[in-house]
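**Student:** Listed here are the chains, written in short residue letters.
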Amino acid sequence: MKVFAIDLSVCNGCYCCQIACKDEHVANDWSPYAKPQPDTGQFWIGITELVRGQVPKVKVTYIPRICHHCDDAPCMETCKPGAIYKREDGLVIVDPEKCTGCKLCADACPHGAMFFNENLNIAQKCTGCAHLLDNDPEEWSVPRCVDQCPTGALKFGEEEDLKDFIADAELLSPAAGTKSRVYYKHLPKKFVGGTLYDPVEKEVIIGAVCTLKDDASGETFTAESDSFGDFWFRGLKDDRSFTLTLEKDGNRKTVKDVRTDIDRSLGDIPMEMRKSSKGGPKGFAGAVSYP
Amino acid sequence: MAKIKTKDKTVLRSLGLGGFFGGGAEGMVDVKDGKIVRVRPMKYGWKYKKEEVRQWKMERDGKSIEPSWKSLPGPFSLAYKKRVYSPNRIKYPLKRVDWDPNGERNPQNRGKSKYKRISWDEATDIIAAEIRRIHKQYGPYAILMQGDGHGECKTINTPHGHSGTLLDHMGGFTLQVRNPDSWEGWYWGAKHVWGQGVQGNMWPAANIVNDTTEHAEQVLFWGCDPETTPWGFTGQFASRLCYFWKEVGIRQIYICPDLNYGAAVHADKWIPVLPNTDAALQLAIAYVWIKEELYNKEYVDTHVVGFDKFAEYVLGDEDGVPKTPAWASGKCGVPEWTIKALAREFAGKVTSIAHYFGGGFIRGPFSHEHGRLEVILLGMQGLGAPGVHHHQLTYFGMPRKEGLAGTFFWNPEIEERLSVPVMSSVTAWQQQILPKTLVHKAIESDEPVTFHGTGAIEGLVKDQFNKYTYPIPKEEGGSEIHMMWTDTPCRITCWNGGNETELAMRNPKIETIVAQHPWLENDCIYADIILPVNTYMEVDDILTNIRQGTQQPNIMLADRAIAPVGESKSDFEVVVEVAKKLGLEEKLTEGLSVFDMQKKVWGYMGGEKLVRWEELKEKKYWMYPTARDWKDDPPGFRLFYEDPEKNRLPTPSGKLEFYSESLARHFPDDKERPPIPKWIEKSAMHDERLSSHRAKMFPLLLMSNHGRWRVHSQCDDITWTREAPTCKVTGPDGYKYEPLWLNPKEAEKRGIKNGDIVKIFNERGIVLAGAYVTERLREGVVYIDHGARHDPIKTGEIERGGAINTISPAGITSENCVGQATSGYLVQVEKLRWEEMDRWRREYPEAFARKYDPAAGLRFDAWIEEGGK
Chain A
1 MKVFAIDLSV CNGCYCCQIA CKDEHVANDW SPYAKPQPDT GQFWIGITEL VRGQVPKVKV
61 TYIPRICHHC DDAPCMETCK PGAIYKREDG LVIVDPEKCT GCKLCADACP HGAMFFNENL
121 NIAQKCTGCA HLLDNDPEEW SVPRCVDQCP TGALKFGEEE DLKDFIADAE LLSPAAGTKS
181 RVYYKHLPKK FVGGTLYDPV EKEVIIGAVC TLKDDASGET FTAESDSFGD FWFRGLKDDR
241 SFTLTLEKDG NRKTVKDVRT DIDRSLGDIP MEMRKSSKGG PKGFAGAVSY P
Chain B
1001 MAKIKTKDKT VLRSLGLGGF FGGGAEGMVD VKDGKIVRVR PMKYGWKYKK EEVRQWKMER
1061 DGKSIEPSWK SLPGPFSLAY KKRVYSPNRI KYPLKRVDWD PNGERNPQNR GKSKYKRISW
1121 DEATDIIAAE IRRIHKQYGP YAILMQGDGH GECKTINTPH GHSGTLLDHM GGFTLQVRNP
1181 DSWEGWYWGA KHVWGQGVQG NMWPAANIVN DTTEHAEQVL FWGCDPETTP WGFTGQFASR
1241 LCYFWKEVGI RQIYICPDLN YGAAVHADKW IPVLPNTDAA LQLAIAYVWI KEELYNKEYV
1301 DTHVVGFDKF AEYVLGDEDG VPKTPAWASG KCGVPEWTIK ALAREFAGKV TSIAHYFGGG
1361 FIRGPFSHEH GRLEVILLGM QGLGAPGVHH HQLTYFGMPR KEGLAGTFFW NPEIEERLSV
1421 PVMSSVTAWQ QQILPKTLVH KAIESDEPVT FHGTGAIEGL VKDQFNKYTY PIPKEEGGSE
1481 IHMMWTDTPC RITCWNGGNE TELAMRNPKI ETIVAQHPWL ENDCIYADII LPVNTYMEVD
1541 DILTNIRQGT QQPNIMLADR AIAPVGESKS DFEVVVEVAK KLGLEEKLTE GLSVFDMQKK
1601 VWGYMGGEKL VRWEELKEKK YWMYPTARDW KDDPPGFRLF YEDPEKNRLP TPSGKLEFYS
1661 ESLARHFPDD KERPPIPKWI EKSAMHDERL SSHRAKMFPL LLMSNHGRWR VHSQCDDITW
1721 TREAPTCKVT GPDGYKYEPL WLNPKEAEKR GIKNGDIVKI FNERGIVLAG AYVTERLREG
1781 VVYIDHGARH DPIKTGEIER GGAINTISPA GITSENCVGQ ATSGYLVQVE KLRWEEMDRW
1841 RREYPEAFAR KYDPAAGLRF DAWIEEGGK
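Protein chains in written order, with this note's numbering: chain A, 1 to 291; chain B, 1001 to 1869.
Certain hints may be false.
Said to hold, decoys possible - Okay, the calculated beta carbon distance ranges per label pair:
| no. | chain 1 | residue 1 | chain 2 | residue 2 | range |
| --- | --- | --- | --- | --- | --- |
| 1 | B | E1402 | A | K189 | 24 to 34 angstroms |
| 2 | A | K189 | B | W1069 | 32 to 42 angstroms |
| 3 | B | K1851 | A | L120 | 20 to 30 angstroms |
| 4 | A | S241 | B | D1733 | 35 to 45 angstroms |
| 5 | B | R1850 | A | D29 | 26 to 36 angstroms |
| 6 | A | V209 | B | G1062 | 46 to 56 angstroms |
| 7 | A | K189 | B | E1458 | 45 to 55 angstroms |
| 8 | A | R234 | B | G1606 | 47 to 57 angstroms |
| 9 | A | D39 | B | R1850 | 16 to 26 angstroms |
| 10 | A | K163 | B | K1851 | 48 to 58 angstroms |
I should point out that these hints are in silico values taken from the structure, not numbers from a laboratory.
From a predicted model like this one, the values you see are computed outputs, not experimental measurements.
Note that CB positions come from ideal geometry on N, CA and C, so glycine has one too.
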């Protein structure tokens, strides 16, 4: 049985999966697997962009979304004419001949993966490029989106062969409970970051101990400010409230009510260094060596 | 289930859009029933086993990276089918309806009037007659040949310059000299520090990719985007490399106003600097290093001349202004503490600097100053030491291949039909020349135009000291231009002073404009006669995919995929059609068929020494093996680093020249490019800083880079890329506008919401765009890709398509440098008021009546009388 395995940590957001899918399916009729996809507006695989954080701590996460080829596929259950079927290899296909255009499947899909073609009056979605896998197996062992992926972020293969990936992967919408066949790694978790500096010396503060304490659970996370005075807390849960404590050489600063409703850049945080353990430029990172 | 056929045949292509002879981003094109059915990455193992083609491997800490065994084309390459079948393709020859070569020419209506279909015979008759008339009336130099720049990768049918071959047989022409358009600052600046260099970039630059991979602790991506510009040339190998560097712990710091696409996924640290203020930041870094003794004194003593003069300026001994981090912070917008930290980290860690051309860093006013300062900073840290290099990632410095001799197709020993078109892109080989950056000025000026240096890509350092005049003296055949023939119709959207360019093309002095192009876009709509050109899918050719940093260099026989669309012909054939009317067909073809030419090019590449012709013909491609001893190639400036006396640089002193005696001698009064690089606040040429009085009216710095979804102006009409949120923003009027990035705080100040239509403007004009409100850009700046397709509401003033260069400075990099300055200039942005748009609708109804298809943009039939029916 086939699965898709998607590693977001190496997705550079090139959109080539979305483009390759259109290249394969727009204006090409692969009946009985699929009728042509409209030129625009349908995304059998589509990229969602998340711009996370605020200047100057910002990241972009790209999430390719595709039909989950569920083992408990709600689209199949709702399809009265039985146009949607699951193949032995796990792929779920809409038979364009049998589809009556009732649109129930699109409403039933919790993953937003089913599209409707008004001109042809049929539901359409990812076929896993089954027409290529079946008809040209020497050339094709994976669908177009996976074939083109320049970084290896998208994979497609036997569940057994990808079991190591699946072991520590997540589902995009576990609550849907549809036995999805699409596994993700590195789905975004919230971050909190900032830059610590001494407003008198106008120097970044290196090596400060930064502690983030969950106001409700008391759980704490620690980090140390780096050579740019930057501290990062990654992998935080959504919608928590934290108290941030910053400490260096007996100097201390507290930032309250740091919320993870969104990713947070706390900006440049001044901390006056009244107490100092040693002289010299505080930002100095150590001996400079030349190669 | 019955078997279905997925294709009839597969042909090979370079899907890169750098132009000339092939670059990379190779692809396999599947054809079925005479149509392109799919475009996909090339599987290098199609006809070869991996063990037959020696591969390279770069290693660090037990991890390794190898070239991928398939090509890595970018999105517009994979979507090229849409370009081939675009509703914007020119399908037959056209003549402007109100242009009569024997009567009224109505130059004032260029960019406004529509076109009507004519036959090839009529079109070529008119062009041949016009050439003869102009030659007789004014002499041959009265024709400007614009045939240079990027485009599809083809060798025999290379997209530019064939008309130059024809015109040269008729006594010459005025050559539009293509200038650096993505590396101005190194060409006009860095060259004077490290001598020549390829295009002004660091040279030698062999093997630096491996050396940085093995030795660098951090890489500064300074105003560069490895996830954008390489795509159009070689594809996405740079992306894989950046991910590998992350894996082995090479820290990646991005210094740029925008969280560009590379920074978005690779940056360990983003330092948002104001556009075109890098020189201040660089000077402050030097200040910290000098004050804290954080530079390689021994290297500076032995490898550098002029350090003392530079240090005097940095410390303020020369002008009373120490270039402290506090001073710089006020200019460049980076906090003082971050500048100090960056300076110490740069000095404390083995550091390379990476670019891949373009970006805001190198394309603004006075860009030669930060181009030079970059070399100086690297020089102060031992340029050439292990892991200390200047990259155009991976344009230079990939592992050497066996048998790779280089394709110098401007070699005059080979067929003119191969050499001359390329010469016109890289040299200034005609008697009367015009730098591309001065064309609009030259047309509008009634006085001769003078300039220093041609700006030709292959121009030597010393050429920058030569003074040129256009037109040349009458007794030498000099004439103003009265006719233009372009196969590179993107002057408006890709170069400086777009609005002035539009108006110049309406100047009555210009009696005839001929354009040849596959798509009706940009400058085409100012032409009087338009000839339809076909795409690379429609021709037989041979490609040498060895340039610009390809990961698997190869030679490829590219059979045509489909029959030509409409009545289109290849760029070469178009010129042959005109030559037939002038009795010069044989001069152009040299009696050689495409097949003959393919075989000749194979011969020039090395012929039998590489691969038997029969084998190449059968397999359609051949891949170069990696040289066995590639790791022995000294990386970059290593030999100079090790012994500067034995391995002199091509500078007058043989060393890195922080102070340039040559500049001092030739331009003693140059305040913009003095002998040592400086911070230039403003000049007679450019007044584009936030400190300017102009900033009261135009308080934002506009930055532009090459497009993520285009290669300069190429590919603006691809329906599939136009669905990406950073490619186009659909306005409330249904028009797809070019996105203008702005920070939420700048948007809020102006009452602008994401998706609003906004007006970007300064004294030079107005450009409409769609607001893309994002944290990917710092305050004080707005960002827009250059190269969007020109759609005039009012020619020379109001632009709807988003061609931002229409309001870029019309001037050049600085007085003595004919580069373009198209990023880092002042604008204001407002939400577009509907009353204003309604007024334009009333005043310029024809601009709003043109047929528009949101998916693809303007269509060919929008410009044809009665929609081409």
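**Student:** Compare the structure with each hint and give your call.
**Tutor:** Each hint tested on the structure:
no.: 1; hint: B:E1402 - A:K189: 24 to 34 angstroms; in the structure: violated (48 angstroms)
no.: 2; hint: A:K189 - B:W1069: 32 to 42 angstroms; in the structure: holds (34 angstroms)
no.: 3; hint: B:K1851 - A:L120: 20 to 30 angstroms; in the structure: holds (26 angstroms)
no.: 4; hint: A:S241 - B:D1733: 35 to 45 angstroms; in the structure: holds (43 angstroms)
no.: 5; hint: B:R1850 - A:D29: 26 to 36 angstroms; in the structure: holds (33 angstroms)
no.: 6; hint: A:V209 - B:G1062: 46 to 56 angstroms; in the structure: violated (32 angstroms)
no.: 7; hint: A:K189 - B:E1458: 45 to 55 angstroms; in the structure: holds (52 angstroms)
no.: 8; hint: A:R234 - B:G1606: 47 to 57 angstroms; in the structure: holds (52 angstroms)
no.: 9; hint: A:D39 - B:R1850: 16 to 26 angstroms; in the structure: holds (21 angstroms)
no.: 10; hint: A:K163 - B:K1851: 48 to 58 angstroms; in the structure: holds (55 angstroms)
When the structure is compared with the earlier hints, violations turn up for hints 1 and 6 and for no others.
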